[in-house]
Every structure is written in structure tokens, then in C-alpha cells.
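Chemist: Listed here are the chains, written in short residue letters.
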Amino acid sequence: MNFRWRRALYRVARAEGPERIAAEWWRQLPGEEEAPTRDYYRIEDSEGRRYWLYRQGLYSSASQAAPRWFMHGVFA
Amino acid sequence: MNALTVIPYAELGIQSNFSFLRGASKPEELVVTAKFYGFSSIGLADRNTVAGVVRAWQQAKVEKLAYHPGCRLVFRDGTPDILAYPRDRKGWGHLCRMLTQANLRDENEKGATLLELGDLLEWGDLMSLAMLPNLSGDAEDNLALISRLNDRFGSALRLAVAPDYGGNDRFRIEQAAAMAEHAGVPLMATNDVLYHAADRRPLQDVLTAIRLNTPVSEVGLELTANAERHLKPPLEMARLFRRHPEALAETLRFADELTFSLSDLEYNYPDEPTESGLGPQAELERLAREGAVRRYPAGVPVHVTRRIEEELALIERLNYARYFLTVHDIVKFARSQNILCQGRGSAANSVICFCIGITEVGPDRIDALFERFISEERNEPPDIDVDFEHERRDEVIAYIYEKYSAKRTALAAAVISYRGRSALREVAKAMGLSEDVRSALSSTIWGWSASELGEREANAGGLDRTDPLSRQVLERANEIMGFPRHLSQHVGGFVITRDRLDEVVPIVKTAMEERKMVEWDKDDLDAVKILKVDVLALGMLTCLKRALTLLTDHYPQARDRYGQPYVLATLPEEDRRVYAMIERADTLGVFQIESRAQMSMLPRLKPREFYDLVIEVAIVRPGPIQGDMVHPYLRRRQGKEKAEYPKPELEEILGKTLGVPLFQEQAMKIAIVAGGFRPGEADELRRAMATFKRTGTIGNYRQRMIDGMVGRGYEKEFAERCFKQIEGFGEYGFPESHAASFALLVYASCWFKTFYPDVFCAAILNAQPMGFYQPAQLVRDARDHGVEVREVDINHSVWDCALEESAFDPSRVLERHASMRGVIETAHAVRLGFRQIKGLSEERMDAAVVRRGAGYRSVRDLWLRSGLDVGEIERLAEADAFRSLGLDRRAALWEVRALDGRSAAEKLPLFDQPSLSLRELEPETKLPKMPLGEHVVHDYRSLGLSLKEHPVAFLRERLTRAGITPNASLPSVRDGRLVSVAGLVLVRQRPGKGNAIFLTLEDEKAIANVIIWPRVFDRFRSVVMGARFIRVTGKLQQESDVIHIVADRIEDLTSWLSVLLRPPAIEHQSVGDTRPDESERHASRGLPVRQDIATLSSSAQQVMPKGRNFQ
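Protein sequence lines correspond, in order, to chains W and L. Per my numbering: the first sequence ends with 76, consecutive numbering throughout. Per my numbering: the second sequence ends with 1111, consecutive numbering throughout.
Don't read these hints as lab results, they were simulated from the structure.
Pairwise CB distance ranges, derived in the manner of DEER restraints:
#1 W/SER60 <-> L/GLU218: 27 to 37 angstroms
#2 L/ALA249 <-> W/ALA76: 38 to 48 angstroms
#3 L/ASP106 <-> W/MET71: 53 to 63 angstroms
#4 L/GLU843 <-> W/TRP25: 56 to 66 angstroms
#5 L/ARG242 <-> W/TRP25: 24 to 34 angstroms
With the C-beta cut set under 10 angstroms, the calculated list includes, among others, these residues of chain W facing chain L:
#6 GLU19
#7 TRP25
#8 LEU29
#9 ARG42
Every beta carbon over 10 angstroms from chain W, so not counted as near; a handful from chain L, in silico:
#10 VAL302
#11 LEU536
#12 VAL567
All values derive from a computational prediction rather than experimental measurement. For every residue, glycine included, the Cβ atom is placed at its ideal position computed from N, Cα and C.
With the hints as extra help, turn the sequences into a complete structure.
Modeler: What follows is the structure, encoded as C-alpha cells:
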């Protein structure tokens, strides 16, 4: 499994997760839609660097657009 | 779902909403979802309770899903949670004993289960167990515990783990697997379920917020971060445990060990030895036959004997004899103690119940339909409810405890759930809404259960439905409605078993020290077939008992034809004069037919005989009103329409209700006779109608009924209409037997009110609280009928209201009751008793009466001789009870102030010396006269009523100037005219889910009936709900002697009442006294100045009745 970030390709060697965090539904503002659930993963690539990724939205949700992946942070 | 990928899986880690404020789904919802997902089986394991297991079981039967009742053991000593599932009947007994032991611990307050590991070690045999270790805790501790449990329980023990989507599930599962392997214990998969579907997560968060008493936004980490604790399809569970498929297989092995079913508990009826030594069935037979002879001294009719045989046969087949014997024994005890009682509900459909004296309605009064009471198809024990005098019900309860001991009897539970008002308040609080918004919201909700909270309620509370927060509040509140909050004891439902009760169902403490209850409510108990007797309290029975006693004591000529004092059963039947009173709707205080809705029906229905009363009781109900039965019935009764029956068999069933189906038994009979149903099936139909919202099986019955009727020659259209009618009132229709049982009491209470309104008044005042109206109205009604009512007096009253000889003056009967002048036999006045005064104690007043001797001569005499303290004497003075001493309340209070509370020593030797009577020490003082208006206010404050004058009388001039018509003049206003009325709000009634609201307004002479339609109600909602004195403007409607004002405009006039405390220009003190000097003199004695008495009730408004709300 690979992921592409800032035009570079990374190969996933190990993964931990998901840590699933759903929206704080009580904070929804008027006019907004409920924020999608996020799955956070800790990834180690083939060179030993570790990343904190999340996917916004679940694959199965019917209402929203296809889920997207984001880089949350890089482990030092 | 792909049929090829059915993966066997059993979910055993499920919590329902009976894990209070944690589980967010109903047991039924969980079962239905599990079936949908194709689970092999499920179990229910709520926290330290089995309160929900019966509901899940019933749903599982419907869904045909394998099901196991269990419990999630939550320990107080740090032991991790353990799922415990009994393997057999004995194992279930162990579970119940374990939980009971934890519930009944001495240091336990009601509601908490203090479970310790020792309890499990003691009772855990014959159960399958699965521990849910705390994986982030100490590994050594976990292993030590597993080892200990393994030693004790061996292969019964498993280690369960659930993914929590916290980011390290893979690690956690591996950790659990390693722990399991190390300990030699199998690993088991579960999802630790809290709700059936992910969209319940918000509700689950709200539940957590309520539990922690913190707004959701501030709860923080106690909330679960995601919505994963829902039932997951087996395929998904397989994916989550893909590295440990044996954990899934273990769930099946676990479930296979469980052979216990709740049906193993049935028929655990008490097996008491009978007085004749015969077995239960034979004993019942003996009692029934002997009873029949007693009931029919002229000879038992053939059809009765035949019925008895039929009933006995069914009872024998279903094994219910002991049930009847148990209830019979209780009734027999009550009668031996002279406690009035009678059976109600469907039991009156049983001729046997009539013969053995449980019910009082015989088969000659109604067409008893036994299957309404018991049927093979229903397969549930009979429900025999017995009403007792509410004041003496405790004696009956004590008997039950004594006979069956605390080991085998306890109260049934009642599940207190979130209703309209509480649902909205709690959710609003959890969502962080402010206190005033919450108050505004809940005060606009009628009664305590709105079936659904919608826009109207939201707007009234100032919520904007487009605002997401408001929408959330409403959605969550609607979701939480019907969720259990906690268990409370059912008021009179007693469970009695043969085996130890705590091996059948866990026992829980109640708020009362000596009373315990079980975890199941009456529906659960019925489903499991555990004997339950409803020992109910009926205020009217107390009232009738007291009336009979008063009649016997004070009217020596009132005797039956054998010269014996009357009992309920020997009151003269079918007296035309009683029905004449009923037809005029002169029924205030009478059982069942006193409400506004009833009173407006009576002059139209004009009951003339007993069966008419049976109909009257049943017809003014939500069901018939909504099902539109009432108008056709009335039209036919008034001769405006003729009933038509396509076939004579229908006429036989519906003839006595003029072709309109009113009773459940009629619906059943139509199904039997016209639709070809077996009697037991007809009962099933009735129950399907009552619960069709839940189970939706009504469709099959519909087709069968229509086909059956068409097959018998009925037109299809007629058959469809017929079914629709039955369907319409299925949920609310009354059993005829129940209406008939009540009609007996209606007639009896009317009999007293017709001939002896004094007896009736005293009896019903002494039986308070009960009924629709307050003492003020009951007294007023008695006076309207010419009865003299005398003030509470220190030298004449006793605790209860009593009768004093006094000639009756028929001319004092109001004009509108003129027809009663020649009928009333009253020869006494009613003396109000001390019980009417707020804040006194019966025991102490009884002692004061004993010490009274020839009478108390002064306030001081009272104080020194009666044993009452200054506070109590002050209350008597405030109630104006010293008039026989020539002291009005102001003068009496003056004397009270002079009493020296400190010198108790002066009192002691003067007790119990009734012949002594001491004068006041104070010199006579001339006090300013208290204006009448003030007296009235204080009367209301102390007694809740006034004999002196009605509050509204003081406003009559002002009201007239404002164009308001006195209520008494309404009959002379033309139908259709616009009119304005005003009065104190006595009662608000909203029958059923109806749209109309009935209001009763009282002025100094009469009552006005107001109807408020929804649009008008919405406009003036807060006035209608909150004001005590209002003005209503609208059109007058008159229909057969019933007058209504249809409200157009409503105004709050409560503030006008403060005139009662302002001295009118005319009423003044004695000449020569000037007020400032008075005040000074009062002030110098350190006494409250005149104004202070007024500020004691800071405004007249507050002491006026708040008005009661009724469905």
C-alpha cells in the first residue's frame, strides 16, 4: 500500500489504527452539515519514518462525497 | 446481505437501555437488528440487573431468534466486568440469589447494587462466564484474577475482548489473546454493544451527560469518541477478529452451553394447603358450586351451571386453579375485617369469580365472555385486580406478607420512564440550555406525557426549530421518550411464588424499609407466568364505606327490608329518583360520571337503568370519542336514527349498544360469530389491536376477518367497515365487565347523593384525597342542595367531618335542583372536621377532643388542657375555629399571641382535667373588625374553602361593570350569543388526545363550562395553564340543557383578587378608633400589625386554588 503526499510516493511498511473520532455533533452550527468521522492512522513507511494520517469520512457513508486522506503530522 | 457469507456468530456482550443511562437502545430494537444481521443467537447482559430480559425474550420469540438471558456483573471492588449467563434453571436461581444478595446489603440505599467478587465466588456455579479485563490496567493483577476464577469455575470461564477503535485495537486484541493463552482460558469476541445502530451515538452521549449531570459539551473524555459500539454484522466481526477466528467460534461454544429459557420459570404458583384438604382444582370446584347456591338462593339457573362447568374445564386445562384460590383467600380476609372490596377489569367476565365473591357483577347484568378473561391462545395467567378501600388497603397488604412471608412475596416493579415533560427537561439540561428556557419548555407540556414533542411545544418554549441545537434537543427528547429511568414499586401489584422468590427473579429494595420489589413489571411477570395480584386502592370504596357507617349511625330508619343496616349489595336497586338526578348531570363528587366531559354527556344520554350507566362509563373515553362512536350512539338513542343490522346475529351482539360497538367483548364476539374466529383467536385479535403499533400483526387478522364475514354472507364493504371500526378503538375500548363493576359503584354513590347529600358530603370529605373536585366544590354542592354546613369549631368538631342533628329546610335547595326538594331525606347538618385545616395532626387533635370535656372556655383554657402547642392553636385560630367562644380569627390570634410558650411548667398538672376551664388573662380589647374579604382569603389559606362567601362575590360589581355575565344567569342567555364569563379555574380537562380542552370556572353562585379549541389554546396557552381567575369571552352554545362557552378570548384577571385584602370603603372598625393608634398599640405589644396579617398571605392570589389538570 502506498500513499502520495506533496508529490512524493511513500510505501507503507507498518500501520496502527484506526483511531476513529466522530464529530462533536452538539457543536454543529446553523447551516452546516455534520462533520465527517475521521480515522486516524499511525504509519511507518519503508524507510522508517512515521506519519500521522487521517481519512476524513468513512467509505460507507452514503450522504457525503468520497472520503479524502490528509496528513495530520509527522513524528519526529 | 450476501447469503453466501453467513458467518455463525453469537453476540453476548449487549447492554440495553435497562443499563440505565448507558445503553441507548430498547431490548426489542436490539433483537430485531440482530435478527436482521443474521446472528446465530444473542444474549442480553445489562448492568447488575435482569430488568430487560423478558422484553428481549418476547421479541426474540416473535423474530424466532435464539436468545439467552444474562447479566453483566459490575463490581464495586475493582473487579473487571464479567458477563454471566445461567446455563439452566438452577444457574438462573444462583444469578438471582447473587444479585439479590448484592441488592439487599445493609449499607445499600435503594437503587444501587453493591456487588463483590465474593458474591460471584459464592453463587457463580452453573453459569457460563466471560470476563472483560481492563487491558490498560496491570497485567499481573489481571492474570491473578483470571487464575483465581479459573480455579473456581474451570471451563466455564472465558476472556472476552472488544475492539474500541481507539487506535490500537490490533495490539489490544493480541494482548488479550496472549493473556488468555497464558491463563489457559479461551478468547471470546464481542463488540461490547451499547446500542443497535450507529445513529444512536448522540443519544448515548446525552445519556452520559445526564448521568454525570454535566452538559454534553463539557463531559469530555467520558464520552466515547466514536459510534462503534453498535451491533455489527457477523461479517464485520469476522473482519475485526480476522487474526483470531477462534474468538468468534468461542461465542457459539459459549451459547451452546446455555439451555436455560425464561419459560422454565412458569407456573410457580403458591401451593397452599386448602381448608378442605382437597387439591386446588377440586377446592375451586367446591367453592364455585357453594358460591353459586349463595348467589342464586332461588335456584341456580341452568345456563349458570353450564358456564361454571365450562370455566372449570378451561381452568383445569391451563392449570390456573391456584390463582383463583389465592385471590379468593385475600378477598375473604378483607371481608372478614369488614373492608369493602370488589374485583374489577376483565375478571367480571368469569361466572366463577362472581360465585366465589371476587366480583360483584353477575352474568345476568352483562353477557360475560370468559375468553376475554382467560383464553388458551393467550396463554397468560388471569389478571385479577381487586379494589379495596384506599384507607385500609395496608391491612390487606400486611396480611399477604404475613401469609406468604417475605421469602415468597414482593411488590411488582413499575418502570418509570422518560415522558414528555421529563424527557424534554433532562435532554435540554444535558444539551446545556439555560434554566429559564427549560422551565418555559416543560410548563407548556400538558400533563406528564406528550406522545410526541413537536413544533408547538418547541415554539412555546421559545426554541427555534431551524436552529440545529433546538432540533437536536427535540430529536433526542423524542428518542429518549419511553426509555426507563429507574424502577419503582408498582403500587399494589404483589408477586407470590411457590419457590423462593429470590431464585425466580432478583429482589430489590424500595423506598419503604419493609417492602421489597422484584425487577420485573406486570407485563414481564405475565409473560413469565408468575402469579401477580393487584391489590388496588379505590377512594370511592372508602367513601362508600364511610357513607354506609354514617347512614347506619345517624339514620335509624334507613334499613333494608330485613331491618338490617345497608351494605353495598343491599342498597335499593334501580330507584327512578336516582336516575332522575343523574340525567340532570347533578353528579359532582359521584364516581366516574363527575368529570366535565361526563357531565356534558349525561343530559344527552339520559341514563335510565343500570346498563345505561355501564355504557356511560365506557363511552366517555378517548377511544369511543376518537372512533366516532359517541355521536351515532347519541343520535340513535335520541331516536334521530335507526340502527341497522345486516344479520340478526349482529343485532344480538350490538343491540344493547344500539348497533355501535363500544366494548372489547363485543368486538371479540363479532369476530367469533360473524368472522368465524375461535374464542381464543378473538382474544388474540383484541390484543393485536391493542399492541399493533409494536408488532404489526394486525394485517393477517384483517384478511381472516373479512374473508370469514364474506364467507358468512356479509357484504365485503360492510366487513371492511366493521373491521376498521373495531381497529379504531381496539387500543382504548373498555371491557364491559370493567364498566359494569364500576357502574355498581356509580349507582351506589349516586344513591347517597340523591337521598342523603349530608352523608355523602361528610363521607367524601373524609375520604379525601380522591375524585375530581376539591373540598370547596364538594361543600358548595352540598349547600346548593340545602345541606347546612358548619364551620370547624374547637368545641364541636372532631377530626373527621361529622353529622349534627338539624332540621332540613327544602326551600334552601337551589332552584336548579328544585326537583330534589321532595326527595332528599337529610336530617342533619355537616360539621367540618379538624382534618380540613392544614397543618394539624390527627393523633393530637383526637387527644384534644378527649380532654375537651364540657368544652374549652378560652384560648388559654385550650392551651393549658388540650396538650396542643402554640403553633397548633395558632393554626386553629387562623382557621377561625373559635367562634363558639365568641372570638373571630383576629381576636383569637390576639389571644394566641398572649400565650406564654415558655412556662410549660404551668401546663403539667392541668392536663386531663376536663372539668377545669380557665378564662383568658388578658383584659378585653377592642380589635378592628376584619373585613369579610380578608376572612375569605384566610379561610382559603387554612381550609382551602370558605363558608362565609365566595371570593368572586367581592368582585361582582366590577365584573358587571366590565360586562361579565354571572354564571347563574347563563341558562337565560340565547343560544349563539356572544357572552363574557369569569371565575376561578377549578379544573382543566383534555380527554384523550383530543383537541378540545374543557375548563370549569366557578363564581359565587354557579359554574361555567368553557371549551377551548386548539387555535385559541395556542394563543392563550400560558393564561389557561397558569392563571387562577380568568375571563372568557365567546359564543354560548346550548344543547339539551348543557351549556358551553366556546372561548374566543381569554384574559387573566388573577390580579383583581387582591381587592379581597384591601378594605372596602364601607366596612370599617367601630366608631372612634383611628387606625394609626391601633397600629401603635399593636406594635407596642410586639404583635403583628394588621398589615402583617395581610402579608402572611402576600397576595390573595396565592391562596386561591391552582386548578387541577386531567386527561
